[in-house]
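*Asks:* As a plain string of letters, each chain reads:
Number of protein chains: 4
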Amino acid sequence: MIIPFHVREMLRRIKARYDVDRTPQQMSPKGEGFLPLRPSRTADSKTVARFWEHLKPKASEADQAEIADPATVAASETYSANIENFIGTVKVPVGLVGPLRLNGMNANGDFYVPLATTEAALVASYARGAFAAGRAGGVSTAVLYEGVLRTPAFVFQSLLQAGQFVDWVVGNVEALQAVAEATTRHGKLVSLEPFIDTNIVFLICRYTTGDAAGQNMVTIATDALCRAIAKDCPVPIESWYIEGNFSGDKKASALAMVTGRGRKVSASITLPAGVVEKTLGTSVEAMLAYGRVANLGAHLSGQLGAQAHYANGLAAFYIATGQDAACVAESAVGVTRMEPRGEDLFCSVTLPNILVGSVGGGTGLPSQSAALNILGLKGAGHGTALAEVAAALCLCGEISIVAAIAAGHFTRAHESLARHR
Amino acid sequence: MIIPFHVREMLRRIKARYDVDRTPQQMSPKGEGFLPLRPSRTADSKTVARFWEHLKPKASEADQAEIADPATVAASETYSANIENFIGTVKVPVGLVGPLRLNGMNANGDFYVPLATTEAALVASYARGAFAAGRAGGVSTAVLYEGVLRTPAFVFQSLLQAGQFVDWVVGNVEALQAVAEATTRHGKLVSLEPFIDTNIVFLICRYTTGDAAGQNMVTIATDALCRAIAKDCPVPIESWYIEGNFSGDKKASALAMVTGRGRKVSASITLPAGVVEKTLGTSVEAMLAYGRVANLGAHLSGQLGAQAHYANGLAAFYIATGQDAACVAESAVGVTRMEPRGEDLFCSVTLPNILVGSVGGGTGLPSQSAALNILGLKGAGHGTALAEVAAALCLCGEISIVAAIAAGHFTRAHESLARHR
Amino acid sequence: MIIPFHVREMLRRIKARYDVDRTPQQMSPKGEGFLPLRPSRTADSKTVARFWEHLKPKASEADQAEIADPATVAASETYSANIENFIGTVKVPVGLVGPLRLNGMNANGDFYVPLATTEAALVASYARGAFAAGRAGGVSTAVLYEGVLRTPAFVFQSLLQAGQFVDWVVGNVEALQAVAEATTRHGKLVSLEPFIDTNIVFLICRYTTGDAAGQNMVTIATDALCRAIAKDCPVPIESWYIEGNFSGDKKASALAMVTGRGRKVSASITLPAGVVEKTLGTSVEAMLAYGRVANLGAHLSGQLGAQAHYANGLAAFYIATGQDAACVAESAVGVTRMEPRGEDLFCSVTLPNILVGSVGGGTGLPSQSAALNILGLKGAGHGTALAEVAAALCLCGEISIVAAIAAGHFTRAHESLARHR
Amino acid sequence: MIIPFHVREMLRRIKARYDVDRTPQQMSPKGEGFLPLRPSRTADSKTVARFWEHLKPKASEADQAEIADPATVAASETYSANIENFIGTVKVPVGLVGPLRLNGMNANGDFYVPLATTEAALVASYARGAFAAGRAGGVSTAVLYEGVLRTPAFVFQSLLQAGQFVDWVVGNVEALQAVAEATTRHGKLVSLEPFIDTNIVFLICRYTTGDAAGQNMVTIATDALCRAIAKDCPVPIESWYIEGNFSGDKKASALAMVTGRGRKVSASITLPAGVVEKTLGTSVEAMLAYGRVANLGAHLSGQLGAQAHYANGLAAFYIATGQDAACVAESAVGVTRMEPRGEDLFCSVTLPNILVGSVGGGTGLPSQSAALNILGLKGAGHGTALAEVAAALCLCGEISIVAAIAAGHFTRAHESLARHR
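Respectively, the protein sequence lines represent chains A, B, C and D. Note that our numbering numbers the first sequence so that position 238 is 1592, with each residue one more than the last. Note that our numbering numbers the second sequence so that position 207 is 1561, with each residue one more than the last. Note that our numbering numbers the third sequence so that position 362 is 1716, with each residue one more than the last. Note that our numbering numbers the fourth sequence so that position 186 is 1540, with each residue one more than the last.
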């Protein structure tokens, strides 16, 4: 049978649920009885209670008590700047990794890193990596680059107008830069590069964003820049869009891997052979051998870059510290390297797209703010250090998983740590 | 100056922080005074308190109270199956989207969807999309495919042994399948495909995983399969690894986009022109025009697939419902289509890699479990429905953002909703 | 200036050619005076002469003599099965690499390989690699996989019909297979896998194609299959297309890298340290060190796979032996590995998409046929051996360039060999 | 059976060729009797004859006569600047497409385009596209960007030295630029951008190259630049490489798609509905509908960009005009767009990586030079025009194939044109 078994098996399962009379009807649009929810952009105990009324009886009072607990409801107003239709909070368990010793340009010393996750073994694995790194004298880190992109698109009648437009933009760039920067205290437009596809021009706008992750900041600045262009540019613009889906916002992209988006950070360490053996229970040779296989797997499966599981550490770190967890999709990209250094093992990670801020976003919420205090990296002046901690954390995760897989311990760790469920 | 300004500007910023005497010393390994934390895999009020002792004075008692609140500490044991070194919980605000009307093969009816995020405007944007979808009769959905991959790698002396190994595996596949499936009640091995690169063989093992996301399930099953191979196969194996970094676990990959990983789900709707105009404040033509630009941007920036911001909806949904948030990195991939249907607008999304479960992972934790109850999709029998809700949600997000950008409202929404910060 | 210099410089160059009055007119459509060429699908001395009449006076009689030389014109009819509007031949210089010693499953012994190229140093570089390989006992090769893809697309009203269609196809697959295979003596349909995106179904049809490259063979077979579906399938099909631009035909694609397209071939060798030193003038350590950098470069620049210059060897080999040179775009993909083996250097290449045939295409043309005779691989029975020669050749090219760059000789070789131009 | 049939079938075929005693021996290295060829970098009738002696008896005298025909042998010296171990020429049939009407910034008027290919139907298909384009008033083209990349890599002890190196390079860039440009009359270094991965620095060097494709030119210039760095830079360099496998040379890469490599060219046209119907035998609606499917197929199969078959036109054009055919691997990348313009069809292609020259490479060889004369684009001053012809040709090919597939004619054309074989 030339149809693969798993395809036929899937078809069998779908057909088991399929009723020739009922299913087509069930999958058709139905207009009747659609009662939209009245939205609420502010939040207080009354709006919270009102929403829960809608959720009964599916959700019980016990459910309500878990999400809309008294402390949460009391802080409704605090939360309302970060969310709409607020009904409470979900509680994500936090585990501690550390001390993570950093020898960074921006982050220096021993840090305890709070990670929020529901996946057993994750914290233990990163902690093991951090322990090995500490034994080896700590992780060297540096922010190599900063720059959040926003890439508006302008559509013209033809290539000719597109070219005239680019000429005008280049001729008026200082004025446009002033307009963009007037919208923000901390944002600086450090590059503007036009990219033409026949009659469409993308403007690759690159900003530094101070200590914030800066996604809203660059949107507002670029919007002002676009409106100034639309008002002043004599070349007729058919339409323009604040984002041409080109910047890599919220998704892995080759462009962002190449140009960087957010903060590009490198973290590295040389693990002495003895540390690999005693702390990680394997050998330099075994880690190098698996590193080669893992690198091959990355190529053959068409990954962007090559790494094992940056997303695990980043998601847990972003959630704990009030970052935008959706940015994990773009941040979890980069290259992990494992190389011999004499008898020892050189390991490095470079993540081109770390999007974190020590101000803005969810960093001011009660528990997230507390998590930043654990790190000692709350508020102005700590954006780059926070990015270095994120990269060093990823390095620890890579060391730990490569060692575990090389040594054949990976499954056992997951079995024993997820044992209670 | 042929060095771009943004490069020079970055260098200037780095040099401003660089001290020729101090920085090199600061970035060197330092062995002294490294005091590792005593880890704890179980949790109770005492272990929690012990960890907080280490965090002082950086973290204050007020910080401790936000993370290690009494309800959280009381539930320490509950959390301890999902985390190590437990110190409390981070509270992520939850907003409500809905009713989201689904005409799905597996999810049918009106759903309220809890989303956990700290990003202002996110819930409002998805709610707007869900409102438009409801006005248009609801979203059609279906799980098209299921199958979680695990891809162990086996290394041989040469190609010749690799070939003999493949021959042996194919000849013994039923026995191996039995070994793998003996480790799990719900997992089924539905495909096993060898992939050779000279002397290395990756075994692409594809499982259905019942109602669970299934990542641990397939690891354990595959580990058993590998151990059986290692024990019985007469071809000498140099080394083997439970995962060859080939399966796409926790990262966007072309392989997973092609083969699917987790659940592949399609969601679609035809929006009548009137709904686009009244509910979304723009026109079918304008949305199609922007859709073409956004699709071009996706190609030119080297994305995997083409979409606007699946990651926003998925991250918020995964966090609220106790899924593995790190899987956003692999799930936020797919293709959004916008096409004319007469005067109306056909929209669809297909996400090949949705990793959700209605059981397992964080789904049993108190507030996550409550969130699943809001959906009415807690426990056995709801895995596929949950995946369809996730895809329909992504569709709503795509509709809303495309409409907002096409109409020029995108920036305004973010400005006004993030206004309090 | 935040606009990069190279952008401004390019704008300056464009503006230097731009005339505000003349250029817009020059770039506008012009309907007048368009005299189409009368096409000719057959060829003889008269049709050739007729075409040359049109080419005067731009092309001189001397030009005509170079392209439409007497031997070429005499063979017009022979060429006319491979080309339309025939005006002669272009003469591409051929250099010899070899003996290339192969220890292959299909290709065994010492081969002289004719390469057609106009790039100085290319033949010398591959010859050097072949020399080193010969000194090391020859290259091990094997065809790992065969299967040319054709992926027709079927469009339906909705997902529901798409699903019903898949069900029908699976239920009728043996009949469809028979229809497809009835069109060809050598082609076998070995897999048919439906791939759904909402209302569109791609059928991934995979064929073995005997000794031919097989692109036309699979098109014709798939066309018959599609027509049978269109005739017999009761599910209403809105439209169907012989190719959904999914198969990877004539382009690099992640799908084809993963699934293979054409012949997937591995070639490997272990180079003794002494051979690396004496023959290649560098050391194992130096080649490994550069190999790591080159692998990093591959990841960071977003290549498909990781290799140095497969395209050089493949293009020259395809042109010399009458293969489809356009397939270089899809064939020049894969992974080159360099790894330590004790003191020695293990090197391998795996190319998943080699498209060559020992019959069909241009293999029967006079000089191409002679080139195949040099290899001893002309005609039926030699398709797989030919693919193994191609892969072994690529391995030699990788060895040579990695050694040259590692040793710092790369530029010098190009300078001296291209010196006369 | 969970092993797919095509895998088992392949295994069966391999085993049919496998002999348990003979095959392992056959695939092992063999040192005995390896007689290397004496290479020859110059060519004359004697060296040609000497090589043919080695090729007997596999290659007959008739074979020799086809490749080493008297005219070819007489021109041996001419060829010898482009090839080593010269044994003659392979004759690739040339067909004529045209007139191709161009309304370009650099190429203007009606061009006859010689295409060298052995694939039946290719010339006819491009000719049909050119005919439709001519009927529609011709193709608008412009070179949007020029810049060939060379990306040497420098390895340091650690990140710290890498940073110091970048600082030194930026501080000495004018001197380095002067060194690079001193090696070439036509090359200009227009951008130098450092890219750091921990301890490795890639220098992205971007050159304009006059009318040449310029690959050797930029290698030589960059080599001089690197040697100047190695001599003068006080930061200790562990090793450096002329190319870090980062530039996209001879391979499709996301980097090159984003940054351009070679010449980036756009070609576009609006086809009136009447032309689509009469000339192409289909409708605007049908072409748009298929265009959407083909675009989806591009995304789902993980192509770089989205196009149908640039490689066909480019390979035939590069071979005919003496370009580097291996560059098809990097040039055959870009995005084809098809959009409604009222009742008519807007079509465009943008190719970021066209590598052609009107001087250098194989452009001076007898028949290649004649082919350039047919175009009227031989010698200095025609590099950009040549690139515009290449892009316009690709546009014609896209129009033709999309129309053929939309109309269901694709297979028939291939059947009838390849009928004689």
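Since the hints were made in silico from the structure, they are not lab data. Some hints could be false.
Copies of the same chain are indistinguishable here, so a pair counts whether it falls within one copy or spans any two.
Here are the computed lysine to aspartate or glutamate pairs in the EDC-like style, where the Cα-Cα straight-line distance is at most 16 Å [claimed, not checked]:
1. K1542 to E1528
2. K1369 to E1639
3. K1384 to D1464
4. K1384 to E1639
5. K1542 to E1363
*Asks:* Hint compliance check: list the failing hint numbers for this structure, sorted ascending.
*Replies:* Checked against the structure, the hints that fail are numbers 2 and 4, while the rest are satisfied.
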